[in-house]
Amino acid sequence: MEWNLTVTGNTPLNSSHFLLEIEIPSSFPPPRPGQFIHIKTGEPPGFLLRRPFSIFSYQSEKRKIEVFYRIVGRGTKVLSEKKKGEQINLLGPLGNYFSWDNKTVPLLVGGGRGIAPLHFLYQEMKSNGIEPYVLFGFKNEEDTVFREKFFPERFFLCTEDGSAGEKGKVTDILKKHLPYLQEKINKIFSCGAKEMLKEIYLMAKEKKIACEVSFEQFMGCGIGICQGCVVKTKQGYRRICREGPVFNADEIAWE
Amino acid sequence: MGINLTINFLGKELATPVILASGVSGYSDELMSFLDPASVGAVTTKTITLQPREGNPPPRIIEVPGGIINSIGLANMGIEAFLKDKLSSLLKLPMKKIVSIGGTREEEFPLLAEKLSNSRIDFLELNLSCPNIAKKRLFAQEPETCLRIIKNTKKASPLPVIAKLSPQVTDIKDIALACVEGGADALNLINSLPVLCFYAPGEKLRGGLSGPSLKPLSLRLIEETRKVTTLPIIGTGGVYSGKDIIDYFSAGANCVSLGSVLLLEPSAPVRIARELKDILASFGYDSLSRFSSSTGL
Ligand SMILES: Cc1cc2nc3c(=O)[nH]c(=O)nc-3n(C[C@H](O)[C@H](O)[C@H](O)COP(=O)(O)OP(=O)(O)OC[C@H]3O[C@@H](n4cnc5c(N)ncnc54)[C@H](O)[C@@H]3O)c2cc1C
Ligand SMILES: Cc1cc2nc3c(=O)[nH]c(=O)nc-3n(C[C@H](O)[C@H](O)[C@H](O)COP(=O)(O)O)c2cc1C
Ligand code: FES
Chain A
116 MEWNLTVTGN TPLNSSHFLL EIEIPSSFPP PRPGQFIHIK TGEPPGFLLR
166 RPFSIFSYQS EKRKIEVFYR IVGRGTKVLS EKKKGEQINL LGPLGNYFSW
216 DNKTVPLLVG GGRGIAPLHF LYQEMKSNGI EPYVLFGFKN EEDTVFREKF
266 FPERFFLCTE DGSAGEKGKV TDILKKHLPY LQEKINKIFS CGAKEMLKEI
316 YLMAKEKKIA CEVSFEQFMG CGIGICQGCV VKTKQGYRRI CREGPVFNAD
366 EIAWE
Chain B
4 MGINLTINFL GKELATPVIL ASGVSGYSDE LMSFLDPASV GAVTTKTITL
54 QPREGNPPPR IIEVPGGIIN SIGLANMGIE AFLKDKLSSL LKLPMKKIVS
104 IGGTREEEFP LLAEKLSNSR IDFLELNLSC PNIAKKRLFA QEPETCLRII
154 KNTKKASPLP VIAKLSPQVT DIKDIALACV EGGADALNLI NSLPVLCFYA
204 PGEKLRGGLS GPSLKPLSLR LIEETRKVTT LPIIGTGGVY SGKDIIDYFS
254 AGANCVSLGS VLLLEPSAPV RIARELKDIL ASFGYDSLSR FSSSTGL
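Sequences listed follow chains A and B, in order. Residues 116 to 370, numbered by the working numbering, are exactly what the first sequence covers, in order. Residues 4 to 300, numbered by the working numbering, are exactly what the second sequence covers, in order.
Because the hints were derived from the structure by calculation, they are not lab data. Hints should not be assumed to be uniformly reliable.
Stated by the list, open to error - Per label pair, the in silico range of CB-to-CB distance:
| no. | chain 1 | residue 1 | chain 2 | residue 2 | range |
| --- | --- | --- | --- | --- | --- |
| 1 | A | Phe266 | B | Arg274 | 45 to 51 angstroms |
| 2 | B | Glu57 | A | Glu268 | 42 to 48 angstroms |
| 3 | A | His292 | B | Asp88 | 42 to 48 angstroms |
| 4 | A | Glu138 | B | Arg274 | 22 to 28 angstroms |
| 5 | A | Glu281 | B | Arg274 | 31 to 37 angstroms |
| 6 | A | Gly200 | B | Pro134 | 37 to 43 angstroms |
| 7 | A | Glu138 | B | Glu57 | 40 to 46 angstroms |
| 8 | A | Val220 | B | Asn121 | 38 to 44 angstroms |
| 9 | B | Asn121 | A | Met116 | 51 to 57 angstroms |
| 10 | A | Gln238 | B | Leu114 | 41 to 47 angstroms |
As the list claims (entries may be wrong) - Below, in silico cross-link-like pairs of lysine-lysine (DSS-like), each with a Cα-Cα straight-line distance of 30 angstroms or less:
| no. | chain 1 | residue 1 | chain 2 | residue 2 |
| --- | --- | --- | --- | --- |
| 11 | A | Lys309 | B | Lys207 |
| 12 | A | Lys349 | B | Lys280 |
| 13 | B | Lys246 | A | Lys155 |
| 14 | A | Lys284 | B | Lys207 |
| 15 | A | Lys349 | B | Lys157 |
| 16 | B | Lys207 | A | Lys313 |
| 17 | A | Lys349 | B | Lys89 |
| 18 | A | Lys192 | B | Lys207 |
| 19 | B | Lys280 | A | Lys155 |
| 20 | B | Lys154 | A | Lys347 |
| 21 | B | Lys246 | A | Lys197 |
| 22 | A | Lys347 | B | Lys246 |
| 23 | B | Lys89 | A | Lys254 |
| 24 | B | Lys207 | A | Lys155 |
| 25 | A | Lys347 | B | Lys139 |
| 26 | B | Lys15 | B | Lys118 |
| 27 | B | Lys207 | A | Lys347 |
Unchecked claim - Heads up, incomplete: computed chain A residues facing chain B, CB under 8 angstroms, no partners named:
| no. | residue |
| --- | --- |
| 28 | Met116 |
| 29 | Leu120 |
| 30 | Val122 |
| 31 | Pro159 |
| 32 | Leu163 |
| 33 | Gly227 |
| 34 | Leu272 |
| 35 | Gln332 |
| 36 | Phe333 |
| 37 | Cys336 |
| 38 | Gln342 |
| 39 | Tyr352 |
| 40 | Ile367 |
Just so you know, even glycine gets a beta-carbon here, dropped at the ideal spot from N, CA and C.
From just these sequences and the hints, can you work out the full model?
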């Protein structure tokens with residue numbers, strides 16, 4: 116589960132977002148949407164913890180995975196300096212994954228870099244003949260990378276400043292569209308900040324729509340041994356790296 | 004080269020001087036897929052308490068310059084679940100087994116020790132850095148309490164007892180002497196250091212500092228402790244390399260335990276054991292025991 120792999124691309128998408136492409140061996144367990152990898156961005160004593168990133172896409176025939184990330188601190192800054200051909204050490208694929216079947220009519224709701232696992236989910240659903248509805252929100256137009264990747268008739272885009280798509284937060288736009296979308300969809304999948312997930316869950320619950328959410332938290336080991344990465348569920352704390360990152364939103368003890 | 008890393012610890016042979024520290028190896032089965040068990044002398048479980056503990060609210064772990072701050076809050080499954088669900092897989096591991104016990108009342112230590120008496124584990128470690136509810140201080144900050152806990156634990160169980168100490172004390176020698184008097188078989192220095200950080204403006208995390216910045220503190224406390232006791236000492240704090248082990252031995256430790264490094268590199272024991280062999284070879288030693296006798300221990 117610990118790998119030294121080759122970076123085959125690390126492309127800036129705008130001033131702060133990058134797409135990292137990593138070559139994987141045939142022995143790499145096929146990842147599933149929702150799972151993440153735990154990257155060693157630097158060596159000790161400068162870097163003491165790995166950084167977790169969702170898998171953004173997986174191409175088995177090309178033997179590669181991609182990570183969509185945003186520079187927010189030291190680790191992601193160093194990651195952005197990785198060059199094609201360099202080695203990268205990671206653990207993975209880790210964690211659980213989104214659950215769906217061929218009767219699922221999904222709505223994927225994400226904000227900012229939280230779209231990463233949903234993009235992978237979208238790809239997998241599409242290749243299984245399911246056309247998801249998608250609602251993605253960003254800060255401004257500059258951040259709306261990948262918008263052309265989604266099926267336009269089922270794609271809702273919004274930005275906080277209104278520079279692309281509808282103006283408003285994801286949760287505002289969801290509230291606006293849910294009254295008619297609720298007839299079509301039967302499950303919401305989401306990833307992002309906890310406050311946003313809570314609002315989405317409450318709307319889904321009111322409309323009696325199933326809802327799965329993927330959480331982020333500061334992580335230590337990433338493999339279930341340190342208890343560092345928990346979220347409170349109705350059964351007590353659960354490890355995001357092991358029992359998560361994806362949880363049935365009904366199971367969460369929302370505060 | 005065939006450098007022999009085995010050491011004798013309390014009458015038992017450890018394959019290497021590398022012990023996996025409490026709290027960073029789970030209940031011990033989880034890490035094994037990442038490493039060659041032959042690189043590890045002993046493994047220590049997460050500190051186990053009488054009752055299951057939920058632990059602290061997140062965030063629980065943050066990287067700061069030179070270290071890691073954790074605030075896990077002794078989250079663990081409790082002794083009954085441990086005995087029922089985890090002990091048998093722990094016992095199957097080839098290295099020696101240390102079970103760490105803790106609590107918030109001193110009576111809990113002997114009760115836990117008694118429950119583990121017939122469990123075929125090798126050593127008990129007392130996590131004395133737990134908060135003593137009765138006194139609102141750490142057990143490890145009060146010599147008399149340490150003495151009593153160790154004495155009562157020894158009465159309750161025939162298992163050898165390692166007392167794990169806190170760096171947050173006025174004079175480590177007083178605590179070490181109390182542990183010796185209480186009948187401790189070995190000491191482990193040190194647990195994480197209580198600290199505070201702000202991970203975002205106004206967002207506070209109170210927890211224990213571990214990692215590279217702990218090493219010089221631990222070395223100093225071990226050197227101090229060595230002045231007053233000949234008990235075996237496990238050196239803990241910021242061990243990331245074979246050279247760190249050499250430093251710990253030079254300060255007076257008899258073996259080391261790895262904590263934070265396992266969070267970054269779960270396979271670290273393999274690399275560290277290899278580095279230790281290379282260093283010993285470069286010094287012209289064919290075994291670790293020859294090197295350690297040269298340090299006067
Ligand atoms: C399961 C999981 C999947 C993730 N997937 C992605 C992804 O696909 N793309 C992406 O860009 N980011 C993702 N993240 C967040 C990413 O791990 C953090 O942005 C990264 O660790 C920050 O490292 P840094 O050294 O640059 O920042 P630091 O200097 O460590 O921190 C800068 C700021 O980032 C925030 N932060 C730090 N660590 C985390 C963390 N583990 N989770 C959330 N916020 C954090 C904190 O608020 C902090 O103030 C994911 C996190 C988790 C837990
Ligand atoms: C996440 C984490 C959890 C820990 N949990 C325990 C514990 O349950 N009991 C204990 O005695 N020490 C615990 N420790 C302390 C370590 O065992 C060790 O004493 C300390 O981290 C210093 O070593 P290091 O610098 O190698 O990490 C924990 C440390 C970390 C980082
Ligand atoms: S990060 Fe260590 S248990 Fe999840």
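Hints, one by one, checked against the model:
| no. | hint | in the structure |
| --- | --- | --- |
| 1 | Phe266/A x Arg274/B: 45 to 51 angstroms | holds (48 angstroms) |
| 2 | Glu57/B x Glu268/A: 42 to 48 angstroms | holds (47 angstroms) |
| 3 | His292/A x Asp88/B: 42 to 48 angstroms | holds (47 angstroms) |
| 4 | Glu138/A x Arg274/B: 22 to 28 angstroms | holds (24 angstroms) |
| 5 | Glu281/A x Arg274/B: 31 to 37 angstroms | violated (53 angstroms) |
| 6 | Gly200/A x Pro134/B: 37 to 43 angstroms | violated (51 angstroms) |
| 7 | Glu138/A x Glu57/B: 40 to 46 angstroms | holds (42 angstroms) |
| 8 | Val220/A x Asn121/B: 38 to 44 angstroms | violated (57 angstroms) |
| 9 | Asn121/B x Met116/A: 51 to 57 angstroms | violated (35 angstroms) |
| 10 | Gln238/A x Leu114/B: 41 to 47 angstroms | violated (54 angstroms) |
| 11 | Lys309/A x Lys207/B | holds (18 angstroms) |
| 12 | Lys349/A x Lys280/B | violated (50 angstroms) |
| 13 | Lys246/B x Lys155/A | holds (22 angstroms) |
| 14 | Lys284/A x Lys207/B | holds (28 angstroms) |
| 15 | Lys349/A x Lys157/B | violated (40 angstroms) |
| 16 | Lys207/B x Lys313/A | holds (23 angstroms) |
| 17 | Lys349/A x Lys89/B | holds (24 angstroms) |
| 18 | Lys192/A x Lys207/B | holds (24 angstroms) |
| 19 | Lys280/B x Lys155/A | holds (26 angstroms) |
| 20 | Lys154/B x Lys347/A | violated (39 angstroms) |
| 21 | Lys246/B x Lys197/A | holds (29 angstroms) |
| 22 | Lys347/A x Lys246/B | violated (41 angstroms) |
| 23 | Lys89/B x Lys254/A | violated (47 angstroms) |
| 24 | Lys207/B x Lys155/A | holds (26 angstroms) |
| 25 | Lys347/A x Lys139/B | holds (27 angstroms) |
| 26 | Lys15/B x Lys118/B | holds (22 angstroms) |
| 27 | Lys207/B x Lys347/A | holds (19 angstroms) |
| 28 | Met116 | holds (7 angstroms) |
| 29 | Leu120 | violated (15 angstroms) |
| 30 | Val122 | violated (19 angstroms) |
| 31 | Pro159 | holds (5 angstroms) |
| 32 | Leu163 | holds (5 angstroms) |
| 33 | Gly227 | violated (17 angstroms) |
| 34 | Leu272 | violated (29 angstroms) |
| 35 | Gln332 | holds (5 angstroms) |
| 36 | Phe333 | holds (4 angstroms) |
| 37 | Cys336 | holds (5 angstroms) |
| 38 | Gln342 | holds (5 angstroms) |
| 39 | Tyr352 | holds (6 angstroms) |
| 40 | Ile367 | violated (13 angstroms) |
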